[in-house]
Each structure stands twice: as structure tokens, then as C-alpha cells.
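Asks: Residue numbers (our numbering), protein chains in the order written: chain X, 145 to 260; chain H, 2 to 119.
To be clear, the hints were calculated from the coordinates, so they are not data collected in a lab. Be a bit skeptical, because a hint or two may be false.
[Claimed, not checked] Computed footprint of chain X on chain H; a stretch qualifies when at least three of its residues, placed anywhere within it, have a C-beta under 8 Å from a C-beta of chain X: (1) 52–66; (2) 71–80; (3) 83–97; (4) 108–116.
Model, not experiment: these values are computed from the prediction. Even glycine gets a Cβ: it sits at the ideal position worked out from N, Cα and C.
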Amino acid sequence: AQKVTQAQTEISVVEKEDVTLDCVYETRDTTYYLFWYKQPPSGELVFLIRRNSFDEQNEISGRYSWNFQKSTSSFNFTITASQVVDSAVYFCALSGDTGANSKLTFGKGITLSVRP
Amino acid sequence: GAGVSQTPSNKVTEKGKYVELRCDPISGHTALYWYRQSLGQGPEFLIYFQGTGAADDSGLPNDRFFAVRPEGSVSTLKIQRTERGDSAVYLCASSLWDAGGPDTGELFFGEGSRLTVL
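So here's chain H without its partners, still in its complex pose:
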């Protein structure tokens, strides 16, 4: 598809379980971001990839959260030992960032993965 694709769109799990959320960015976009949005709040930054490497992971709340982007395209956000407080919509975004080219600063967001931890 043309946009950012996130799977699953909905995930219900039990406390203590392991969860993986997948993001497929727009083809050719080098920058990829994960945000978390709780009900009634704005998105909260988690991590930012430039290519395969995490350029900024300062938003990851603790070591139960980890994200990878091994080939510089698809990214997976992994949450271990889930807690009820992890329930939120996890948003992925990508952008075309070329140091030598024009930059509109536009992030393209997916529709999110809604995680519910029971």
C-alpha cells in the first residue's frame, strides 16, 4: 500500500505476556518513529530510527520495551512482561529524510495498533 501499515490493528493480551507490534513504513522512507498514545492524550515519543540504527531511544519507558529495524525498512516494537499500564495505541510514522534534499518535516503516520492488557 501507499501509506504506513501497522499490524495488528488490535491486540488483546494478558498481563505478563510478550507482544510484538509491526510497522511497515512508506517505501524509501529512511526515518521511522514509534509513539504511544493513551486515551485523551497526545502521542508520546518512544524511539526514532534513521536507517537501521536507533538515533534516539530516550522515550522508551523501561527495559521491557525494545524496537528493531534490522534491514532499515520494517520495524518491530517488542514489549516484554506486559502490564496494564502498557494499554494504549502505538503509532508508527515514517518520513523521507535526506540531508541533501528538501525537508518538509512531514511525518506520515499509520492508523496505530491498539494494545489492551487485561
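So that you can see chain X by itself, here it is in the shape it has in the complex:
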């Protein structure tokens, strides 16, 4: 069985602070894919990133960066210099070895509030 744990439920920061959202996963598959999605108040989930299990390189995209560590089964997401527009619910998700297009298992999400 696959499982995604996002232990933080709500985080509140002041604008320009850095914030890290934690994600821990469990899977028995040797090939798997990890994702982060953002859900703003409008409701639609917005894709942020996908990593496959063979690529442990960290990734940076603007103010966003991701730290994938297989040794600790973690895929953490850091927002640098947070902005009010970053306020949303963030979901970490996992898909198994039937491919990246197979079903996603989501965590419960982390509600991030960025105050001006």
C-alpha cells in the first residue's frame, strides 16, 4: 500500500520568510513518482513538480525548491521569500510503478498562510 504523510497541517508565516513543507512517503514499488500540487481558494489543483524515484537531484524553480531524499523517504518543498500569493493548500502525492499516469495517492495537505 502507498501512503503519503504531511505531518504539518497549518503553517503561518510573515511575507518574505522562508518556509519548508514536509512530505514523507511509503511505497513498496522500486519505481515511483512524487508530486507537489498547489490548491488555491478557487479549488483547482495546480501542478508544481514531478520527480521519479531514480532522480534524487534537488530542483530549484524560481523561489521554489525541492529536496528529495530516498534514504529518509522524504520529498520536502521550500518556498524562499514567501509572498501573500503563496497562500494555499499544498499537497504532496505519490504514484506507483504502473506509471506516472496511474492513480495518485495524496497526503492530507498543508494549509499555508502568508501574512503581509
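With the hints as your guide, set chain H onto chain X.
Replies: For chain H alone, coordinates are given in the frame of chain X:
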């Protein structure tokens, strides 16, 4: 429109009634997914279509739930004899999946249909 469109955006029904929720994916997207999101939870997988056929329906909770995609484009999620526990936001997503082409793994989600069963 350019994105995934779901109708209705809100549906209130009474226990025991039949409900249909519609999803219009992005044009050309062959893969279509239904997820259900309860309050304070992450989305839960229901079913995945590749073209007209259901490639994986393991997430459908019971036989009251059924989904179709007869022409490989629009999909309808059908719920019979609704129960209060069916109240949730039903999310549809689509993706461009071509076995021979690049795959970003990106799903494009609609804004969801909020179902309330009284």
C-alpha cells in the same frame, strides 16, 4: 475554454436521489481522472480512463458509483441512491498521455463539483 470544465459547480440533492456530474477535459487529452475530496482531506482516486475505457476503477467505493466516457472526451460520473457520506467535492483531471512522446506527468484539474447530500 482552455481548461478542464466541470458541471455543475454545486449540486444539492436529497438522500436516495440519482446524480450526474460532468467533466469536459482539455481538448486532445486522452487520459481522464476522477477524484473525490472530502473537507480537510487530500483528493482520493476514484477512476482513470485512457480513451474510452476505464484503465483503473479500483477507487470507486461501491456499485452505486459508475463513470462513463463513451467518445473518449466528455466523462460523466454517476451516483445512484446518494447517501450523506457521498457529500464531497468531485474533481476531474485530464492529461496528455502519448506513449511515444514526452510526458511531464502533469494533471490538469478542474475546479470541481461540490455535492451536498441532505
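Asks: Are at least 3 residues of the segment 52–66 of chain H within less than 8 Å of chain X when you compare beta carbons?
Replies: Result for this restraint: holds, n = 3.
Asks: Would you check chain X against the segment 71–80 of chain H, counting CB to CB pairs closer than 8 Å, and say if three or more residues qualify?
Replies: violated (count 0)
Asks: Verify this for me: three or more residues of the segment 83–97 of chain H with a beta carbon less than 8 Å from a beta carbon of chain X.
Replies: n = 4 at 8 Å, threshold three: holds.
Asks: If you look at each residue in the segment 108–116 of chain H, do at least three have a Cβ nearer than 8 Å to any Cβ of chain X?
Replies: holds (count 6)
In the structure shown, a violation is registered for the earlier hint numbered 2 alone.
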